[in-house]
Structures are given as C-alpha cells and as structure tokens.
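So the sequences go chain by chain: F and W.
The opening position of the first sequence corresponds to residue 1 in the working numbering, with each subsequent residue numbered one higher.
The opening position of the second sequence corresponds to residue 1001 in the working numbering, with each subsequent residue numbered one higher.
These are computed hints drawn from the structure, not numbers from a lab.
Mixed in with the good hints, there may be bad ones.
Claimed, not checked - Chain W regions said to be covered by chain F (calculated; three or more residues, Cβ under 8 angstroms):
1) 1055–1063
2) 1123–1134
As the list claims (entries may be wrong) - Which chain W residues stay away from chain F? Per the calculated CB distances, all over 10 angstroms, these:
3) 1018
4) 1034
5) 1041
6) 1093
7) 1106
8) 1144
9) 1184
10) 1187
11) 1201
12) 1251
Claimed, not checked - Derived lysine to aspartate or glutamate pairs resembling DMTMM-like cross-links, with alpha carbons at most 20 angstroms apart:
13) 7/F / 1136/W
14) 101/F / 149/F
15) 1241/W / 1034/W
16) 7/F / 185/F
17) 363/F / 228/F
18) 101/F / 178/F
19) 7/F / 1138/W
20) 1188/W / 184/F
21) 101/F / 42/F
22) 1241/W / 1259/W
23) 7/F / 1140/W
24) 1188/W / 178/F
25) 363/F / 333/F
26) 1188/W / 185/F
27) 363/F / 334/F
28) 1241/W / 1140/W
29) 101/F / 184/F
30) 1261/W / 1194/W
C-beta: ideal position from N, C-alpha, C; glycine also.
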Amino acid sequence: MQYTVDKNGYYGQFGGAYVPEMLFPNVEELETQYLAICQSAEFQAEFAALLRDYVGRPTPLYLARRLSERYRTQVYLKREDLNHTGAHKINNTIGQILLAKRLGKRRIIAETGAGQHGVATATVCALMGLPCVVYMGEVDMARQRPNVERMRMLGAEVRPATSGSRTLKDATNEAIRDWINHPDDTHYIIGSVVGPHPYPDMVARFQSVISQEVRQQLAAQTGRELPDYVLACVGGGSNAAGAFYHFLDEPGVQLIGLEAAGQGVDTGHSAATTVLGRPGILHGSKSLLMQTPDGQVVEPYSISAGLDYPGIGPLHAHLFTSGRALFCPITDEEAMQAGLLCSRLEGIIPAIETAHAFAYLEKLNAQPHETVVICCSGRGDKDLQTYINWLDGQPVGH
Amino acid sequence: MQTSVAPNRLADLLAQKTNLLNIYFTAGYPRLTDTVPILESLARAGADVIEIGMPYSDPLADGPTIQQSSQQAIDNGMTLRLLFEQLRGIRARVQTPLILMGYLNPVLQFGIEAFCQAAAEVGVDGLILPDLPLAEYETEYRPVFQRYGLSNIFLITPQTSEARIRRIDALSDSFIYLVSSASTTGAKAGLTTEQLAYFERIRAMQLRTPQLIGFGIADHASFARACAYAHGAIIGSAFIKLLAASQNLPADIERFVRDVKGA
Ligand SMILES: Cc1ncc(COP(=O)(O)O)c(C=O)c1O
Chain F
1 MQYTVDKNGY YGQFGGAYVP EMLFPNVEEL ETQYLAICQS AEFQAEFAAL LRDYVGRPTP
61 LYLARRLSER YRTQVYLKRE DLNHTGAHKI NNTIGQILLA KRLGKRRIIA ETGAGQHGVA
121 TATVCALMGL PCVVYMGEVD MARQRPNVER MRMLGAEVRP ATSGSRTLKD ATNEAIRDWI
181 NHPDDTHYII GSVVGPHPYP DMVARFQSVI SQEVRQQLAA QTGRELPDYV LACVGGGSNA
241 AGAFYHFLDE PGVQLIGLEA AGQGVDTGHS AATTVLGRPG ILHGSKSLLM QTPDGQVVEP
301 YSISAGLDYP GIGPLHAHLF TSGRALFCPI TDEEAMQAGL LCSRLEGIIP AIETAHAFAY
361 LEKLNAQPHE TVVICCSGRG DKDLQTYINW LDGQPVGH
Chain W
1001 MQTSVAPNRL ADLLAQKTNL LNIYFTAGYP RLTDTVPILE SLARAGADVI EIGMPYSDPL
1061 ADGPTIQQSS QQAIDNGMTL RLLFEQLRGI RARVQTPLIL MGYLNPVLQF GIEAFCQAAA
1121 EVGVDGLILP DLPLAEYETE YRPVFQRYGL SNIFLITPQT SEARIRRIDA LSDSFIYLVS
1181 SASTTGAKAG LTTEQLAYFE RIRAMQLRTP QLIGFGIADH ASFARACAYA HGAIIGSAFI
1241 KLLAASQNLP ADIERFVRDV KGA
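Just chain F, with the same shape it has in the complex:
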C-alpha cells in the first residue's frame, strides 16, 4: 500500500486538484515546481538553517514522567509547542515562504482558525519583508483575540470572514477567493494538509521534520527508533501528517489521529469528520467531508478553533479508509480535562487542539514497556480565556 501521494496527486481515491480555471495556472505552477525547488540543496540548506536558528529546532522529545506514571506506560512528548510562535505551524510557513520567494511572489495570503497558522505566516512575512493578509472567521477572531493582536503587531492585515459559520472553512474560502483575484503576484500559504494537490504533499513534507527528529531522538534515548503508538490531533491534519510521516511504512507503529467530537458525535455540534463525513470535495480536494445528503457542507463545531473544520486532508482520509491509522473522536469535555491534567502533572499548558491528543491516554491502555509519542502541537497561551471560562463553569463555544 502506498501512503504518499501518487503522480496524479491522489492518495488512493482521495486528493486531486478540483479548482476553478481561475486558479489552474497557480496550482499548476506550484505542481510543476515544488519538488525541484524544495529538493534543491540550496533550498534544503536555507530551510534547515532557519529551522535551527530561528524556529529553535530540533524540538525536545521529552519523557513525561508523571503522565507516564499515571497511565503506566512510557509517554514521550514531541515538544512542537516550544517552536518559535508556539506551535508546529511555523515548520510549514518557513518552507512555503522560501518557496514563494523562489517563485517570485511578492504578496502572501493565508487562512487561520486558532490563529496559530496566521501568526506563523505573519511571522515569516515579517522575516522576509513581504506584505501579508490573513483571513480569519469572525467567531475565531473573538475567541482567539490574543493571536489577532499578535498578527497585527507583526504587520499583517487580518480580514474577518463573515460568511457561513464564520470559522476556518469560511476563512479558507475567502483566502481562495483572494487568490483568484490576485493570480500573478500572490502566494497562498495554506495552513494544513488540505487544498488542491500539491498542497497536501508539500505541507506534509515540511512538517515531516517532526517524525524525522522523533526517530533519531527515540533511538538516542531508548535505543529503539520506533515507538508503539503515535498520537496527534487532527484539524486538517498537518501536525498529525508530520508526526506520522516517517512511520507510515512501519506497520508496527500504531498511528492514531484524534478528532474533535465537540459536544458529542451525535449532538449535531461536532467536527469528527471520519465519523460524520462521506467522500466529497472541499477547498480543491476530494476527501472525507461533513455534508448534508444534498452535498452542502455542514457547519462543524468544536471548542477548539483549530479543529473546527468539516473536512480532513486527503492523506488522512486514505489512512482512515485503508485502516493504516486509527481515528477517534474526543469531546470538548474530555479535551479540557486532559489539558488541565497535563498542566498540573507536567507543567505544560497545551493548546486545546493538542489537548485532544492527550485525552486519548484515557482510552489507550498501553503496556508499561510500550512507548507512546504524543505530538504536543502547540502551547495553550492563546486559549487561556477559554480554559478560565471552563474552570468557572461557563464553557464557551458558538
């Protein structure tokens, strides 16, 4: 079974580039050039240097002793929260800004949900001196206020997406429409392993540094390169793609993606795509999609803005249908409890997205000698207000 993208841009039956003609030249330009550019020695050297000196890589792989004791297994945290800007998102934005420069682009646009990708994009635009417009749903602008202010401080313009559910899906629509209206000078830095081919593959490659480091670090720390389990939360699926990437062809490694069940998969307030979705097309690729019987996209719900998306990347749809990875829904309640527990036991306040991955420790039943790697995708500073409201007994959502 092949888990990476094929020459037509598909992962099994999923993927492709379902874009209107207005976007075809842009997507084709990327498609014909991304591999040659990204694999050139000169690009690789600049990418590696920035990841090391600017982002702070490699990030630690940390044996979380108190969580390990509590769950009677070996829990390792891959500390993507320690990256500059506080999440894994910057691995991808560094890669894409270097690509955009080589394509001669002079303007950058992005979508954002939690604001982490928006901040990571605004950051690399400041670094490279390029103008940056970030689209963000109105609902998300309200619940991730600190990130809106960070983007503005970094010099980006944040434009509210006011259509539909006013969250990540709608911000992505607006970014794509902006790209249609600026086909020549603009590069769209997509924030997850979604969108038309070659985006899912390109973003997965930039994020694959996560599992590349995990392999080396595990070998150094335990003498074994391969963990038994890798856990990661899945919004579009970029941190999961990065954490899974170098284990895809290792059948002994159980890969587990944690989706946002929201208030519960049967409540109508959920974002658990593998449970609730059917094959469909959104944002330029065929994947699993939450939709009505008539094919209208359903408005998802999650307490966590970064997971509040009605689809998943085509790679994950393929990993799900082929059985290579397990996907499990985690409720708001379970995620919040796990986030609070991790804060108290390890002194690490995770992003609420990330907390969905921690919550699976309650269900995993790993053996004492087994190793569990959790992709700690981001830090929880942006979520303090949501945590505080939750502790005060007033869950916030929309």
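Given the coordinates of chain F, work out where chain W with the ligand should sit on it, guided by the hints.
For chain W with the ligand alone, kept in the frame of chain F given last:
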C-alpha cells in the same frame, strides 16, 4: 475533433445567431418557488440562453452577490432533487437553451449518472461545473455527459495558457466561457482596455468553438462591447441584484433584458 454529441438547442442556437445574451440566476431565489416564474420571464423577455445556478454552500469562484443568493436559496430549502421537480415539464413552455451551473460536490452526492439523466429528462442542454478538472472530465465524466447529450462548458481566463486553450477548444462542443478578468463573479464592473486586448488575443487564435464573455458584464454598454469580440455575453451578479431589489419580477425582468439588448 471526433465529438459525436447529438446536436442540441445550444449548438443549434450558436450556429444560427450572434449577440447572444446568457443570463444567470440562482434556483430557489429570492423565494423557493421563484425558479420557474423567473425562467419563464427570461424566456419571454428574449434571453437567448438561461443559466440556472444550483446553489452551493461554498461557491469558491463567486463573489458576495452570488454567495448570498446561494445561501438564501439553501435556507429557502432548495436542493437538486427539488430543482429537477420544479423543472419537470418546462420544455412544454420554454424552448430557450438551458444550462445548469454549479459546483461538483452536490452533483457527486446526487450521483453523476443520475444527475445527467435527470438533467436530460427535464431538457437541460449544457453544464458549467467550474471545479471539475479537465483531466477528470476527459477520463470519467465525458462519456456520461455525452450519453445524455449534455454539453460541458469550460472556462478560460486571461491566465490560461495558449496550449490549454487549444486543448479546451478541442474538447468543447457548444461554447467556451471567456472569463473577462482574474476575479470572482461580480468583483469588477465594466471592461478595461487590458481586457479588450485579451479578447483580441483570443479572437486571433481563431478557435473552432464560439465564446461567450462573462464576469463584469452588467448593462447594455458592457454587453455590446463584449459582443464585438465574441458570440455573446453572460450576466450574473447584475441580474441577481435586480432580483434582490425587485417588487415586480416579471416586469423588471422584461425591462432588464430589453435594456441590456438595447432593443
Ligand atoms: C496547536 C495546534 N494544533 C493543531 C492544530 C490543527 O491543525 P492541524 O490538524 O493541521 O495540525 C492547530 C490549528 O490551528 C493548532 O494551532
């Protein structure tokens, strides 16, 4: 090209007439039951081609006007199944060529074969599915479309390469939708000299397929200008705005069509 589509109303019309006015409206908008009355008014008023929008929740190629009409139509309860019900028997009253325009996902959920069959049954002549990729059309969709006599209409834009335009020309069997500028629908009004140069460039290619120009066509002036370069033109957002503001649909639609044609 060895296309063997049974000639349909659209191909016949294109062979006979120029200065064609194609008007787009969203099915189920402003009210759910307005689809057929609007269609009949357009036909009576003399629209040459009518493009019926199948509303979709996430219309990527559309600007705010068509987005809002689509959302309103969905909120009104419009579905593909209902649209085909509304269109049943329309051919007894309307002979104008009909095109269905929409995004691929609702069509996929309906089922490609079932969709084409239902469209052919009610008398649809052509389809515009902007997010249907050319390669997928050639390998998977074309045989089905042809079996039901449905013409697939491709878009080209100022950025489309000459080689790709040639390929699209070879695959087309009614007209090519010449998108006048790099934009979403309704974004830019009027036609600039830069756009006219682009039309000129396309005209010089001497394509075998006639073209209709769309995006930015809103009134008689822009319609007449576009007709100087192509087989006709397409109006969408300007007509949706008229529908949104109208207190008397039949009268306003007749006046709109007459004004645009300058008749
Ligand atoms: C910390 C963090 N983790 C995870 C995600 C979800 O994105 P993805 O599934 O692409 O990793 C986000 C998105 O904003 C995030 O900020």
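So, going through the hints one by one against the coordinates:
no.: 1; hint: 1055–1063; verdict: holds (count 6)
no.: 2; hint: 1123–1134; verdict: holds (count 4)
no.: 3; hint: 1018; verdict: holds, 24 angstroms
no.: 4; hint: 1034; verdict: holds, 19 angstroms
no.: 5; hint: 1041; verdict: holds, 27 angstroms
no.: 6; hint: 1093; verdict: holds, 27 angstroms
no.: 7; hint: 1106; verdict: violated, 3 angstroms
no.: 8; hint: 1144; verdict: holds, 17 angstroms
no.: 9; hint: 1184; verdict: violated, 5 angstroms
no.: 10; hint: 1187; verdict: violated, 6 angstroms
no.: 11; hint: 1201; verdict: holds, 15 angstroms
no.: 12; hint: 1251; verdict: holds, 32 angstroms
no.: 13; hint: 7/F / 1136/W; verdict: holds, 14 angstroms
no.: 14; hint: 101/F / 149/F; verdict: violated, 26 angstroms
no.: 15; hint: 1241/W / 1034/W; verdict: holds, 15 angstroms
no.: 16; hint: 7/F / 185/F; verdict: violated, 27 angstroms
no.: 17; hint: 363/F / 228/F; verdict: holds, 15 angstroms
no.: 18; hint: 101/F / 178/F; verdict: holds, 19 angstroms
no.: 19; hint: 7/F / 1138/W; verdict: holds, 17 angstroms
no.: 20; hint: 1188/W / 184/F; verdict: holds, 17 angstroms
no.: 21; hint: 101/F / 42/F; verdict: holds, 13 angstroms
no.: 22; hint: 1241/W / 1259/W; verdict: holds, 15 angstroms
no.: 23; hint: 7/F / 1140/W; verdict: holds, 18 angstroms
no.: 24; hint: 1188/W / 178/F; verdict: holds, 13 angstroms
no.: 25; hint: 363/F / 333/F; verdict: holds, 14 angstroms
no.: 26; hint: 1188/W / 185/F; verdict: holds, 18 angstroms
no.: 27; hint: 363/F / 334/F; verdict: holds, 11 angstroms
no.: 28; hint: 1241/W / 1140/W; verdict: violated, 37 angstroms
no.: 29; hint: 101/F / 184/F; verdict: holds, 13 angstroms
no.: 30; hint: 1261/W / 1194/W; verdict: violated, 24 angstroms
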